[in-house]
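Letter by letter, the chains look like this.
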Amino acid sequence: MRSITTIVLLLCFTFLMGQEEERKVSLEIQNKSITELLSEIEQETDFQFYYAEQWLDTTALDKSYKNESVETILTDLFQNTQINFFITWDDRVILTRNNSIYGNLPEGFFTKPEQVETEEILQENVSAGPILLGKQNDGPDKVLETIRIGRERKTNRRDQLTLSGYVTNTSTGEPIANLAIVVRKLNIGAVTDNTGFYEIKLPSGLNVLETSSMGVESSRRNVIIYDNGKLDFNLEENFEQLDEVVVAADATRNVEDTSTGNTRIGSEASKNIPLVLGERDVLKIATTLPGVSTAGEGSAGFNVRGGKTDQNLILLDNAVIYNPTHFFGFFQAFNPFAINDLNIYKGSIPAEFGGRLSSVFDISSKDASNTKFKGEVSVGPVTSNAVVEIPLAQEKAGLMVGARGAYSDWILRSLDEENLNNSQASFYDFITKYNHKINDNNELRATAYYTRDIFSITSDSLFDYSNRLLSLQWNRKLSEKSSGTLMLNNSQYKFNIDFDGSTNRNFEQGFQIDETELKLQLKYLLKESHTIDYGISGKLYSVLPGEIAPKGSNDIIQPLAVPEERALESALFVSDNYKVNEKLQLDLGLRYSFYAALGPSTQRIYREGAPRTDANVAGSETFDNNEIFETYGGPEARISARYLLNDSLSIKASFNNTYQFIHTLSNNTTVSPVDTWKLSDRNIEPQQANQFSLGIYKNIKEYELSLEGFYKRQNNIIDFKTGAQLFLNENIETEVLQGKGKAYGVELLIRKNRGKLNGWLGYTYSRSFFQLDSEFPQERVNDGEFFPSNFDKPHDLSLVLNYKLTRRFSFSGNFVYQTGRPVTFPVGNYEFNGNEFVLYSERNQFRIPDFYRLDIGFNIEGNHKIKKFAHSFWTISVYNVLGRNNPYSVFFVSQDGEIEALQSSIFTIPIPSITYNFRF
Amino acid sequence: MYATTIHKKQFPVQCIGMALLLWIFGCTEPFEGTVEGFEDVLVVDALITNENKRQEIRLTRSFRFDEDGPQAEENANVTVEDGEGGQFVFDEEEPGIYLSNPPFSAEMGKAYSLSITTEDGRSYRSDTIQLPTASTTIDELYAERTANDQGEEGMGIFVDTFDPSRQSNYYRYEYEETFKIIAPLWGPNDVVFIIQLSTGPVFEVILREREERTCYGTDREKTIEVVNTLNLSEDRLSRYPVRFINRNNYILSHRYSILVRQYVQTPEAFDYYEALKGLSQSPNSVFTEDQPGFLPGNIFSVDNEDENIAGFFEVAAIDEKRIFFSYEDFFPGEELPPYIQECIGSPAFGEDLKGILDRGNSVLYKFDPSQGGYLMTPSACGDCTALGSNKVPDFWIE
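For the record, the sequence lines run as chains R and W.
Residue numbers for the first sequence follow the UniProt record's numbering, beginning at 1 and rising by one.
Residue numbers for the second sequence follow the UniProt record's numbering, beginning at 1 and rising by one.
The hints are simulated quantities; they were obtained by calculation from the structure and are not laboratory data.
These numbers come from a predicted model, not from an experiment.
Using N, Cα and C, we set each Cβ at its ideal position, and we do this for glycine too.
Treat the hints loosely; a few may be bogus.
Said to hold, decoys possible - Estimated spans, in silico, between C-beta atoms of each pair:
1) Arg607(R) <-> Ala134(W): 20 to 28 Å
2) Gly820(R) <-> Asp394(W): 51 to 59 Å
3) Glu307(W) <-> Ile605(R): 29 to 37 Å
4) Thr137(W) <-> Gly633(R): 33 to 41 Å
5) Gln341(W) <-> His795(R): 48 to 56 Å
6) Ile605(R) <-> Ala134(W): 24 to 32 Å
7) Phe786(R) <-> Glu307(W): 16 to 24 Å
8) Gly634(R) <-> Glu51(W): 51 to 59 Å
9) Glu307(W) <-> Arg607(R): 20 to 28 Å
Isolated chain R (complex conformation) (with noise of 0.2 Å):
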């Protein structure tokens, strides 16, 4: 196999220098293994030992050692077995199986560094034969390698060298993204992108580079770097691995990224965080990090640092999902094997992203391999899914394909509730994408993805939602400096109520919303210090507000249909990734929206100083077809700034402003699967947001440490008056009231990425108001002052912990804790027509009780044959174990004149659930 063709390269003089300063150590240990052994040393010294755990034997070892060199140690230790071991100048001490490693090159194989003078030798990568003892092992150890880029020359002595290269895997050729380099000791680090590729600094001489990401081999290599160089890595893929980093989270990507407030998610994240009726999903994950919660169990959408549900733009291979999940927000709308990874951008939003004023769902899929056929198959007890990846050209294209389906009608008929026995609930999607790389230069993703939602709560109505989502995607490489990718996505949302049960009163109703994006970003890396993002965007919506036909011919429904609303989005975007110098960071983005509502339209004109209803309307104007009628638009600032007070220790701070011109149309604290969007216009303003963050950021050996603060003030946020009739409204204005939104907090975050024991903390405490202020009573919510909002929740906890027995099994638990969201209570009652009603509070001056659930789960892997056809893998989890009957909303109903309170709950009981999952 080519990647034992190892190469060991050490100067010897460095290794020298090690071996004068010989110590000496004492140890008496009883009962212990050698890992534990080790560790004692490398308490003990400064020694530093890598290896791989597996080579250890783990019998228990009675050793005593008294004022002996650790070299004598560790020859004694490994005497009778096949672990070599190698100690270098800096006290790193490497085991390696069977190969050993020489500090001494043969003579001549170098010119002395100091006899170099001016000579200009660029970019050189050297490498030599292996120097090994023993004979190779083909199996999977792999040896620590050593590569030497540049030479040292005393006239040229940089201090920071960049390396870059491209990293892919071995075994299908494509490349690695979000692979993360890192030097540990240093606490320097890079990210590969999208295409693999990689940028380091790297201080001159030599340097650990050890790469990590989900289900790729760790590597580690001996790096002596004296000048700017190229490195690429071959990597192989690694399923052992899988569950061992729990988040990928790279090691020093929390301190040293740029921006506030950004989380990566890989899917495989999700895979130990115990499951709902056996589905992974990234974006409840997302919902245990600080600052996103839900608005409720099993609901849909998310509030980001305060905002509404409709402010978060929700992104699959850059195409807009509408509705990102099935079942009410039960389950994700995306097969979890397609998904590669969700970037949430919550502070500081990328200035090539604009359009919706609260966060970023970043969600890309996988690409498929272009070398091997591979499936990943999971049979759950209410859905079951599938992806499989076929290589299309050798390593040149490849199509993936996935499929996923709910079987829950058969449940719903088997139960003995009788109005359920009519129910129907069921759900798929599909997903496929096909990547290939044309040539070194250019590569070409297309995605095309469909979600199909149908069912009936009632006997008479039949409801039915679906997305479509189309993405093309050019990466082309303009030179050395300069790359580009051309984008073009087609978003499509709709939902159809089908209400047949009435005698004359039966239809059909729908709503439909289109949109189309071009999108031309390029970036150019100006100078070392200068990185340039720009480029042009333009979105064209189209949205059937909403029309309704009668079903028969005997039902006198009028048929109606809101005109189409049609409207242009375009943006210019440029940023600077400016390195001031090593401490300070700063990324300057400027987005200039331009926001055009188009014709044919028909806008009413109200009466000034008078409130929005049907009684003033002043006249009307009405626009011919592509006619501009309104336009609203402004800059956006994406400034954010990073200061590194020591290597491992950052303060950040970020400015963000943001517009957002479609609005969902929803008097539900949560999102609804009727819930229908509205452009803006004449009468419907965008919604404005300004935020401020500051963290600071603090990597402790394992342990990834942030604490941020924000502070946002929106505008003309949407919100409704009591009772408001939505749909099929033509003058949705009437209902419409838009106010001021002001939101602050703070959000702590714990994570441990490594270890037995692995998962995350986070905590925010923060407040979200809105301020529905207006000249007439009518149009005023609590006498126009700010009120909590209906997800002002200031209390969020989550934890997340595994724990890894073995390497077949594993534990996971999950607990949630929220303060109850604000509710509006009666305060009394009052007789009015002769019929007894409820007086209500002002707005949500109440709240519900405090949210509490804690979920458990247990992952049973296959075994570790290497040539097994398949992986597979069980899991079982409990939901809700403490059955906690956690009320989702409470309201009250007036009936026979008595006034009753009543709670709505999802999860009453425990729910246990059993997922097999395998992959070839």
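Given chain R's structure and the hints, the job is docking chain W onto it.
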């Protein structure tokens, strides 16, 4: 502060079934928390119509959950102005009930407004409001044997109305139903307790002094019934279902009459009623929930902007119609609906009988020494005045 805890019966089985069943239906059960707080506000119930009569305005206060009903807002000055200098003064005839003096009817083109000054000197005014249409008519009010959307069989009461001028659009319906009740276990006699002797209580059978066999029960709508014709091709409602009575409802047993009132409302009043209806109804699923809140009407405090006033001042056009039908008309030869409760006569004597009489919820069915003496039956079975009035209503037609 005031606290009340509302407890109701549990439905655990249903909840488990639903949870297993995935969510959609969620699970609705009584709220176990505590609801606190009470707000004392003025409630104005003012409806002026185009009918020439002493128009009525009711002023009350909001009341706590554990109170039976509202307190009247007494001794207020209530006037309605018509925007053209006309003023109608309302006199308090009963506590909280103010009637116009003299009678008047709302007229087209006039902008009416209400002003109130309460006993403690606070002043309130309403928005101005106009009569939406000069008149409205129920073209047809009829009853049919039918099935409702849930498939239950029974009697439907339907309305047809049509406004060719397309002026009406917003309709609200009220009804008042009256039905004949015949007590199934009525007997001509009653039993009364005379004296307690050492041997036990002594009773006497007497002749009943009043009509207790045939009565007339009355009821009215419990929900707000509003409908608009905006989405229809014409300003027409045909076969609009105002009321549905399940065929097993005892009120259908003999003869039934319903008076339906049709109001044509202003858009503002319609919105108010619709919102009020939305707030007082149970949501049809977990996912469609109305945002509750204080529902402001069109009456405001002159002195204090922040004061909440419940209720509405409405000017509407009205028409009403009444129909009668008998069970035999639609269910000839079929079995009568079951009575409101099961009726049996059970024997009682001595101290037991005295106890029953003291509780006052039973009457004598018959005195039959062969069956052990006094056969007692629940009041509703033997005395129809427990359910209605024994006076034949003035409008009643057999």
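Do the hints match the structure? See the list:
no., hint, in the structure
1, Arg607(R) <-> Ala134(W): 20 to 28 Å, "holds (25 Å)"
2, Gly820(R) <-> Asp394(W): 51 to 59 Å, "holds (56 Å)"
3, Glu307(W) <-> Ile605(R): 29 to 37 Å, "holds (33 Å)"
4, Thr137(W) <-> Gly633(R): 33 to 41 Å, "violated (54 Å)"
5, Gln341(W) <-> His795(R): 48 to 56 Å, "holds (53 Å)"
6, Ile605(R) <-> Ala134(W): 24 to 32 Å, "holds (29 Å)"
7, Phe786(R) <-> Glu307(W): 16 to 24 Å, "holds (20 Å)"
8, Gly634(R) <-> Glu51(W): 51 to 59 Å, "holds (57 Å)"
9, Glu307(W) <-> Arg607(R): 20 to 28 Å, "holds (27 Å)"
Violated hint for the displayed structure: number 4, the only one.
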